[in-house]
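Undergrad: Starting from the given sequences, assemble the full structure and let the hints guide the process.
There are 4 protein chains.
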Amino acid sequence: MQGSMIAVAKRAAGSGAELVPVPIPAPGPCEVLVKVRATAICGTDVHIFRWDKWAAGRIKPPLIFGHEFSGEVVETGPGVTKLNVGDYVSAESHIPCGSCYVCKNGQKHICADLKILGVDTQGCFAEYAVIPEACAWRNEPSLPLHIAAIQEPLGNAVYTVMEANVPGKRTLIFGDGPAGLFATGVARAAGAGPIWLAGTFNFALAIGKTMGADRTFNVRSPGVDVVRSVLDDTHGTGADVVIEMSGAPKAIAEGFSALRKGGTFVAFGIPSDRITLDLNNDVIFKGATIIGINGRLMFRTWLQMANLLNSGRLDPSPVVTHQIGLREFQKGFDLMTAPERTCGKVVMIP
Amino acid sequence: MQGSMIAVAKRAAGSGAELVPVPIPAPGPCEVLVKVRATAICGTDVHIFRWDKWAAGRIKPPLIFGHEFSGEVVETGPGVTKLNVGDYVSAESHIPCGSCYVCKNGQKHICADLKILGVDTQGCFAEYAVIPEACAWRNEPSLPLHIAAIQEPLGNAVYTVMEANVPGKRTLIFGDGPAGLFATGVARAAGAGPIWLAGTFNFALAIGKTMGADRTFNVRSPGVDVVRSVLDDTHGTGADVVIEMSGAPKAIAEGFSALRKGGTFVAFGIPSDRITLDLNNDVIFKGATIIGINGRLMFRTWLQMANLLNSGRLDPSPVVTHQIGLREFQKGFDLMTAPERTCGKVVMIP
Amino acid sequence: MQGSMIAVAKRAAGSGAELVPVPIPAPGPCEVLVKVRATAICGTDVHIFRWDKWAAGRIKPPLIFGHEFSGEVVETGPGVTKLNVGDYVSAESHIPCGSCYVCKNGQKHICADLKILGVDTQGCFAEYAVIPEACAWRNEPSLPLHIAAIQEPLGNAVYTVMEANVPGKRTLIFGDGPAGLFATGVARAAGAGPIWLAGTFNFALAIGKTMGADRTFNVRSPGVDVVRSVLDDTHGTGADVVIEMSGAPKAIAEGFSALRKGGTFVAFGIPSDRITLDLNNDVIFKGATIIGINGRLMFRTWLQMANLLNSGRLDPSPVVTHQIGLREFQKGFDLMTAPERTCGKVVMIP
Amino acid sequence: MQGSMIAVAKRAAGSGAELVPVPIPAPGPCEVLVKVRATAICGTDVHIFRWDKWAAGRIKPPLIFGHEFSGEVVETGPGVTKLNVGDYVSAESHIPCGSCYVCKNGQKHICADLKILGVDTQGCFAEYAVIPEACAWRNEPSLPLHIAAIQEPLGNAVYTVMEANVPGKRTLIFGDGPAGLFATGVARAAGAGPIWLAGTFNFALAIGKTMGADRTFNVRSPGVDVVRSVLDDTHGTGADVVIEMSGAPKAIAEGFSALRKGGTFVAFGIPSDRITLDLNNDVIFKGATIIGINGRLMFRTWLQMANLLNSGRLDPSPVVTHQIGLREFQKGFDLMTAPERTCGKVVMIP
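Chains as they are written, first to last, in the numbering used here: chain A, 1 to 350; chain B, 1001 to 1350; chain C, 2001 to 2350; chain D, 3001 to 3350.
Hints in this document: simulated from the structure, not taken from any laboratory.
On a predicted model such as this, the values are computed, not experimentally measured, just so you know.
Using N, Cα and C, we set each Cβ at its ideal position, and we do this for glycine too.
Misleading hints may appear alongside valid ones.
Have a look at the derived ranges for each label pair, beta carbon to beta carbon [claimed, not checked]:
1) D:Glu3140 / B:Glu1018: 50 to 56 Å
2) A:Gly86 / C:Arg2274: 41 to 47 Å
3) A:Lys60 / B:Ser1142: 56 to 62 Å
TA: Here's what the structure looks like:
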């Protein structure tokens, strides 16, 4: 497709981003060009926007960033056999090599040579984006565009909760960012009970209640003691499952303290540094299992997510608090970085 | 405890049962005497009542039958260490030996030398019943008596659905007896979607809708084609999971036809005779897994059930359609055996 | 690559096969041309050779059949990115679509639209064969050609035994064809103990002993009672695991009889017709799990197989009893179809 | 049984132990008295002997310690129903309450109110010992006394390796104490390949070779780089499974570095302090699973161990380097605490 488009790009090392006109990209072999209908801002995008240490080490400008989106296939490259122009798709952001030991083992989502859309390749904060056919997920026509656009992060939560195996389990979730709020909804849909949600913003915790938390804790409020509360609610036993989506060292420590013997701790939130761990009491004597989660199963998680969404078991829409124009991207990042959180997921419409 | 009580008993071989006065039984070593507060009629009790071929071969009259109940511990035998007089309990009906290879392997519920309460031992259709301490389950005080009484069959459904691993899975359930209706509720609580329920009574299928079925089929209605409908609803793929709780050969056959390649078939319903199976197309080429279910895990299933009930994820009460007095037992069996079903679970209050 | 090659082909409907000169095929997009170094005869090839009912319904002549082989990549088609000329490869015979619900679920080996090499496409009983890049498995250089050629059927056994989860388990295997003999070796390597192997040919059962069976049974010998023997060897408990690789209805029935309560039955052998099953006593009351196996995981099974072979844990060579020239294919089929078995796996060298 | 016996006891706080005459204990309800035929020294016993910080906080003298043994039942207490005088038994050292949430969940080995034989109760470094019937394991008569005596620690290794799921997996084991050497043997029996074993004593590593390690590393030798070697041996991929049985922080760190993406890390060795962990790179981005192991499944592990031993798949005897008299206990502790290790497992015969 000829012509130019607007895109939100990092033109050089440093903080911020710019709205720039660029040529519409052309799909290469086994790639498709997608007209972006809705795209969402991820915490990773905030890291890139702010140009923190991680971003400075990983990102090679110029880069159009963004990796969560939905849209319509408008052109197919050579060798594309499964997708057609007009298909309504979302993108899996993990681009696997397909041939390493890890991929061969059925774990493409953590490929040993993993590339990430909008991080290692040109992303989707634009009117058009190119993705590998192998990373396109075809949506049901009835799925709203803004919901289709947040399936990548929702999929993280689906995968995390499925690995935690929560039906009939007492479940403690840390983190009231979109990941934790999505996980709350998925855990509720999957029969976790009770669900405790610990976070730091009343705005977000209220959404957490809507998503299905039985009890929420603002850990910055005086007198709140998550571990004590969970133990009290369980006759001293503790949680069967802890889902850690905050990355806060204090949350990680409290999670292990609140976990019952023989319980499961699922680690998704990224701490900013190494942590210390009482391996003896928190893992070995406790007989605990820790599961590290990155990405989503390709594509078992997407199938389960589709079934949850299409059957109405899961409604993630309360988490999508804002829809703005792509040109208003600065407003989106302002929302995402405000000291007091007043947003869940921010979706931009090109 | 001295004195006599009334009980519903089979005094000799043959159909029917009688209300008889008998001495209150005394708990032996490691046993407890429970005052029965609510007791429910199981399909197995109907077999015993009718004195069919299975019953004639297994039951040794005189027998007080019944094995689903809740009540209060009123006396403890020697060696009882975990229970106290006044405890509010329900009974696990499977009485394992505890020392065979199967029990040692953590599968007590299918002990190689299994005894069943009210089948191989005196049961609970009475004012009092004796059970092994090891088979008593302590309830939350808030659990209603009639719900506590139906946990044994509800536990079958919980175990069945947990083994089926349904979150985010397309689930087809056969059987609109209490087992199927309970399974529908558990599957809904655990995030199955969509849920199809096939049965034979409009009365029961309406309860199934209340329990969470997205679509129900009365297989006796003209033009109903369960397999075709499931395939149509899934773009030809089929169900991820089939839960068979009817025992009907036609349901078993249709279940395999509706199951997708790589799916899971859970077998709980008891056919009256051997079945024929297309092992090649239904199991081997399909890469299917078949899981036979009998009883409930002791006591992992009970823990999960308690969490589901106590957190409100699961409400089985629509299935409990009748509460009558124990002295009205004949009315209960009439309901259970009527040609056109107008009951779900019938609970009797001594 | 220009030129012609010889191939063993079915030119028209009917029994037998012919050695024919045909043009060397050209690899299409995402395909590679492989010079066949060793190719093995499968039971499926015997069905095709004999032109039985199954073959008549499935095979569309003219067809070069054969699907088990090893060789060297000599040409790559457009879009091939992972393989190079000179690579030493074997073929996965299952050709998945990659985009159906089953493939998306990580179960490509039982793709809903599965094609099989040498059955639905031109096969490898030839000097050269074309396969999709996605079905090529790169071998360690140290792996002998004839072992590399039998990895497809060996992989069936690896997958079957891995699903059966045999370490420290009492394991009964039915079938003394190559599948059963391979499974015996894999089970031995994976710590099954004891291993009973039941078959019909003394020649094959002797190989089974070499592969690691602790005790073998020729079920055609007078007085042999597999079920009784297994029960006697286990204090009446039975086998933890039954691996059925014969397809004989009698073996299937005996397998369920010998299986302990709570055991696992893995079904791989293909009966020639529907079977009858005592679902109640063999599956439901027994709390058994039945796992249907077709193909091999792509490519988790291949990785495990490579580790077993490369570390020396598994030596399948006793099963490869014959190596002949491709031109001697008639001798190979004679061996495979003799009333009294005197071969294991027959490998042909082009 | 009347009379007195000799026992190795800690009479008061402080290092060392004494040989003392004490009355033969009497079995209480549901307990049995066992004549000790062989008893082995555990690392835990060394902690008690030395009276380190852990011991000072946990042990209440006077105490007969020791918890690994085999022997013969010579007297049964009231309520014992499964065991008889003359039974040849070994002891499970974990004494569960049987009624807590964890026990009810089928995880008795990590009971929330766990007691340990010879730590919280009187142990087996004596001529006789009392154990709960529920902790007795009946041995095959053919099992040698000294092997029967070391099943408790061998069971740790069996459980650890079974959880690691090693068949066809590249397996790295840290620790050349008895736990690591046993795990090496179990991993070999269960089809791990290759097996790397890292330790600190050439004497022990030589036993590790006998037990089945393909390659051993003495980490105190100059130039040894375990991580680099494992990566080199696996084309840079790393180990599928890491089994950590040393408790050394360096081993834990190296274990995570050598683990492939998507691999499994099993933690059994007890570090003396908190560890630091790169949760991001070692667990989350890696998609790793960490499994904490304490004890053995009651009694699934014992069944698997019995099958491994009785079928000859596993021979732990090379690890049992010394058999001495119980009166020579000081020699045993000298061996266990020597700066340069010259023993594996030390068994004492009363």
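Undergrad: The structure should be examined with respect to each hint, and the outcome stated for every one.
TA: Hint check results:
| no. | hint | result |
| --- | --- | --- |
| 1 | D:Glu3140 / B:Glu1018: 50 to 56 Å | 51 Å, holds |
| 2 | A:Gly86 / C:Arg2274: 41 to 47 Å | 45 Å, holds |
| 3 | A:Lys60 / B:Ser1142: 56 to 62 Å | 60 Å, holds |
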